[in-house]
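Let the sequences and hints guide you as you build the complete structure.
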Amino acid sequence: MHELSIAQSLLDIVLEESERHGLKKIIAIRLQVGEMAAVVPDALNFCFESLSERTVAAGATLQIETLPVVARCSQCRISFEVENQNFVCPQCGYPALELVSGRELSVVGIEGETGDRHEPSQCSCSAQHSSGQ
Amino acid sequence: MSQVNVPVVRNILQANERIAAANRKRFEDAGIYALNLMSSPGAGKTSLLERTIEKLAGHVRMAVIEGDLQTSQDAERIQRKGVQAVQINTDGGCHLDGNMVQIAMDALDLGNLDLLIIENVGNLVCPAEFNLGEHDKIVILSVTEGDDKPSKYPAMFQQSSVLLINKIDLLPYIECDVEKIRRDARRLNAHQEVFEVSCRTGEGLDAWYAWLEEHVRDHRKR
Chain A
1 MHELSIAQSL LDIVLEESER HGLKKIIAIR LQVGEMAAVV PDALNFCFES
51 LSERTVAAGA TLQIETLPVV ARCSQCRISF EVENQNFVCP QCGYPALELV
101 SGRELSVVGI EGETGDRHEP SQCSCSAQHS SGQ
Chain B
1001 MSQVNVPVVR NILQANERIA AANRKRFEDA GIYALNLMSS PGAGKTSLLE
1051 RTIEKLAGHV RMAVIEGDLQ TSQDAERIQR KGVQAVQINT DGGCHLDGNM
1101 VQIAMDALDL GNLDLLIIEN VGNLVCPAEF NLGEHDKIVI LSVTEGDDKP
1151 SKYPAMFQQS SVLLINKIDL LPYIECDVEK IRRDARRLNA HQEVFEVSCR
1201 TGEGLDAWYA WLEEHVRDHR KR
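So the sequences go chain by chain: A and B. Under my numbering, read the first sequence as residues 1 to 133, first letter to last. Under my numbering, read the second sequence as residues 1001 to 1222, first letter to last.
Calculated from the structure, these hints are not laboratory results. The model shown is predicted, which means the values in this text are computed figures rather than measured ones. We put the CB at the ideal spot given by N, CA and C, even for glycine. Check the hints yourself; a few may be wrong.
Stated by the list, open to error - So the derived label-pair ranges between C-beta atoms look like this:
#	chain 1	residue 1	chain 2	residue 2	range
1	B	Leu1069	A	Val100	33 to 39 Å
2	B	His1059	A	Gly109	35 to 41 Å
3	B	Tyr1209	A	Gly109	28 to 34 Å
4	A	Glu81	B	Asn1112	45 to 51 Å
5	A	Thr55	B	Lys1180	46 to 52 Å
Have a look at this one:
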């Protein structure tokens, strides 16, 4: 159940980026998760939903793209997709140690709405909310 | 209101990675070899530590950081052997992270250490995701857990530099194909060192001690 700590880190990043880009509501968050990252999407969704309540990210959907496990052979330098957990190079038979992809856990995009442009720029509502008042 | 797409490329675990890198630098600066010891509950992490301390205590300056859900029993077991041990209680948390280790390190006399072993929370899944700053990950698999574990928990076995197959004294009484464990682990990580041991009888442990001492020597400040 490390999805809870992952969801918290994800929310921290999303809120930071939203503030930087002036997003008032987050609609979707695009993620890349490697096949070997040991993350259960349902658990991540559940944790994120609970943690993001009463933030600009409340109700946002997580769009998770799964990336295959790809290794690179240190002998003949080819990259190959790892099937059946077999990290042995299909070309030369040497065991690969270098992982090209498969352990990702990244935010790659945030889709959201910016505030009304006519809104007074000095409005302090959001600052008050975020400080817990 | 206008809808926008913000491209961001950020590793979700970047905060942990940053702290882990800082921990690693502290280990390097002090010439300490640091290990992250992982396994499922009851595979023999603390027993391995007790044996290892008994063997190396005379010539290697060791400390242990103990991760545990609730109790300090393991840290007490280690302290009875006469080495520094710091307890981290995760209060139900399923893994240690870089920050917990950073805090625990402050309680240790790093200038007087050659080897730090961090005993993670018993779990074959979550600890594999969080770097602590260690030089190597060590996984213990006890034969009573079954020979299917490397293929069921590939991330853990793929990342570990050493696999200790423990409780081999029980092999006559159970069905466990050690060759299958070796075969599956080799497919995931052929560079992994594999030791078959029994922490109860001491069988096979000499090869582990030798591996460990060699790595401690390599990292010691020259």
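Results of checking the hints against the structure:
The supplied range of 33 to 39 Å is met by Leu1069(B) and Val100(A), whose beta-carbon atoms lie about 35 Å from each other. In this structure, His1059(B) and Gly109(A) break the distance hint of 35 to 41 Å, their C-beta atoms being roughly 54 Å apart. Checked against the hint of 28 to 34 Å, the C-beta distance between Tyr1209(B) and Gly109(A) comes to roughly 50 Å, which is inconsistent with it. Judged by the Cβ atoms, the range 45 to 51 Å given for Glu81(A) and Asn1112(B) holds: they are separated by roughly 48 Å.
Distance hint check: the CB atoms of Thr55(A) and Lys1180(B) are about 48 Å apart, consistent with the given range 46 to 52 Å.
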